[in-house]
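Chains A and B, in that order, give the protein sequences. Going by numbering that gives the first Met the number 0, the first sequence wraps up at 173, each residue one higher than the last. Going by numbering that gives the first Met the number 0, the second sequence wraps up at 212, each residue one higher than the last.
Mixed in with the good hints there might be a few duds.
Below, in silico cross-link-like pairs of lysine to any residue (SDA-like), each with a Cα-Cα straight-line distance of 20 Å or less [claimed, not checked]:
(1) A:K20 to B:A10
(2) B:K78 to A:A64
(3) B:K14 to A:M0
(4) B:K122 to B:A58
(5) A:K20 to B:T1
(6) B:K78 to B:A203
(7) B:K19 to B:R79
(8) A:K120 to A:K150
(9) B:K19 to A:D7
(10) B:K19 to A:F62
(11) B:K14 to A:I117
(12) A:K20 to A:Q43
(13) B:K122 to B:L193
(14) A:K115 to A:Q43
(15) A:K20 to B:D4
(16) A:K20 to A:P61
(17) B:K14 to A:R52
(18) B:K19 to A:R52
(19) B:K14 to A:V13
(20) B:K14 to A:D16
(21) B:K78 to A:A68
(22) B:K78 to A:D7
(23) A:K150 to A:I117
No lab work stands behind these hints: they were computed from the structure.
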Amino acid sequence: MLASLAGDAQSYRVLLDDVAKHLRGYFLRRLADAYRGDADDLVQETLLALHTRRQTYEPDRPFTAWLHAIARYKLIDHFRRNRIRATVPLDDAEDLFAQDSSDAAADRMDVDRLLKTIPEKSRDLIYRTKIEGQSIAEVAQSTGLSESLVKVSIHRGLKAIAAKLRGQAADDDK
Amino acid sequence: MTTNDLIERLASELKPVSRKAVIRRIGIGLGISAVASAILMWSWLGMRPDLMTAAGTMAFWTKFAYTLALAVGGAWAIKRIAYPLGSIRISLVVMGTAVAIIAALAFAQLAMSPRDHYMPMMKGHTITVCTFNIVVLSLPLLFGCFWILRGLAPTRLTVAGTAAGLAAGSIAALIYSFHCDESAMPFIAIWYTLGVLSSALIGAIAGRFVLRW
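Whole structure, please, built from the sequences with the hints as guidance.
This is the structure in structure tokens:
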């Protein structure tokens, strides 16, 4: 580049050749598939800008940084001109978001707290059917109770919990 | 045209570039537009008639030093932003310091004056035109600054426009100080500074569109 600034056409040609190859890769990597065809235009525009603005290259600074600043400007200008906005479908980005498990944990604590307030027998039955997901028949078999008895005590337990919740809500209202 | 043709053409028309080319361009641009702005001031407003007596006063030179400091900071900002990746932070610090000093002077002057002088010192007798005149005088300079930057490579256009506006506004303020016969520091601190800032705002808004390359 220094030789080019001094007017050495031969080294300038070599430089532009290298730069053009490098820029092609640079733009291809940064353009979406639909705009791949613009890469060559951008290369030419950048070469032209490099040429007409070569006086802004400061010899004591790295050449690549200067070149990339111009290439980046041209790329952004291209985006602006064509109103391109980079978008990613939200579904694909799901694992980018942190999962918030505090709600689930709080729910579990609430359930445990409520279950502790009802008799141990229905608590165990409710836990097995509603939380572990066993069927009434399975629970009846393993506890040796009849199915209808299981159902009744689950029903009573839930009713007691519901009454507690209502009471709590009424307390909160006061 | 293929890229190879373009390279061939560019290489064949290559001319040596002086290392001082940027400075020279800034000098030419600011020089010509400052002369244009000065002529505008001369023919439209005229020099202050008491220039010779005023040149012996402290107020005149304080005003001169303040606007000159801003002008140097502004011109420096143009040079800095003209390069890719340029930043005008240092110039902003320089100009901010100048504003801080003039503000301190203004407060000192107010503190030493009786209370019923406060408003006259801030309003002067040209309050209605001062800021407006500075902005008008800055327009030729703004064109000059845009011309300078359009030939160079600013990569942040709004910032570059702001730099152009700051330089244009402060040089215009410098030129205007040869017409304006206000001498109270509070007046200078408020209305001159406001003129420079208005010009900077115009530059910032226009920069995005005017300075594209």
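Hint check:
A threshold of 20 Å between alpha carbons decides the hint, and for K20 of chain A with A10 of chain B the separation of about 16 Å falls inside it, so the pair holds. Between K78 of chain B and A64 of chain A the alpha-carbon distance is near 18 Å, which keeps this suggested pair within the 20 Å criterion. Restraint check: the Cα-Cα separation between K14 of chain B and M0 of chain A comes to about 13 Å, which is no more than 20 Å; the hinted pair holds. For the proposed pair K122 of chain B and A58 of chain B, the alpha carbon gap of about 16 Å is at most 20 Å, so the pair holds.
For the hint pairing K20 of chain A with T1 of chain B, the CA-to-CA distance comes to about 13 Å; that is within 20 Å, so the pair holds. Straight-line distance between C-alpha atoms of K78 of chain B and A203 of chain B comes to about 16 Å, which keeps the hinted pair within the 20 Å bound. Between K19 of chain B and R79 of chain B the CA atoms are separated by roughly 14 Å; this keeps the pair inside 20 Å, and the hint holds. Our distance criterion of 20 Å between C-alpha atoms is met by K120 of chain A and K150 of chain A, whose separation comes to about 12 Å.
Distance check on the hinted pair: K19 of chain B and D7 of chain A sit about 18 Å apart at the alpha-carbon level, within 20 Å; holds. Pair hint K19 of chain B plus F62 of chain A holds up; C-alpha atoms about 18 Å apart against a cutoff of 20 Å. At roughly 93 Å between alpha-carbon atoms, K14 of chain B and I117 of chain A are farther apart than 20 Å, so this suggested pair is violated. Taken as a hint, the K20 of chain A and Q43 of chain A pair is honoured in the structure, with Cα atoms around 11 Å apart against an allowance of 20 Å.
Straight-line distance between C-alpha atoms of K122 of chain B and L193 of chain B comes to about 13 Å, which keeps the hinted pair within the 20 Å bound. Pair hint K115 of chain A plus Q43 of chain A does not hold up; C-alpha atoms about 75 Å apart against a cutoff of 20 Å. Among the hinted pairs, K20 of chain A with D4 of chain B is consistent with the structure: their alpha-carbon atoms are about 14 Å apart, no more than 20 Å. The hinted pair formed by K20 of chain A and P61 of chain A meets the criterion: a straight-line CA distance of about 19 Å does not exceed 20 Å.
At roughly 12 Å between alpha-carbon atoms, K14 of chain B and R52 of chain A fall within 20 Å of each other, so this suggested pair holds. Restraint check for K19 of chain B and R52 of chain A: satisfied, since their Cα atoms lie roughly 13 Å apart, inside the 20 Å limit. The suggested pairing of K14 of chain B with V13 of chain A holds, with an alpha-carbon distance near 16 Å, which does not exceed 20 Å. For a cut-off of 20 Å, the pair hint linking K14 of chain B to D16 of chain A stands: about 18 Å separates their Cα positions.
Of the supplied pair hints, the one linking K78 of chain B and A68 of chain A holds, its CA atoms being roughly 17 Å apart against a limit of 20 Å. For the proposed pair K78 of chain B and D7 of chain A, the alpha carbon gap of about 27 Å is over 20 Å, so the pair is violated. In summary, the hint linking K150 of chain A to I117 of chain A is supported, as the alpha carbons are separated by about 16 Å, within the 20 Å threshold.
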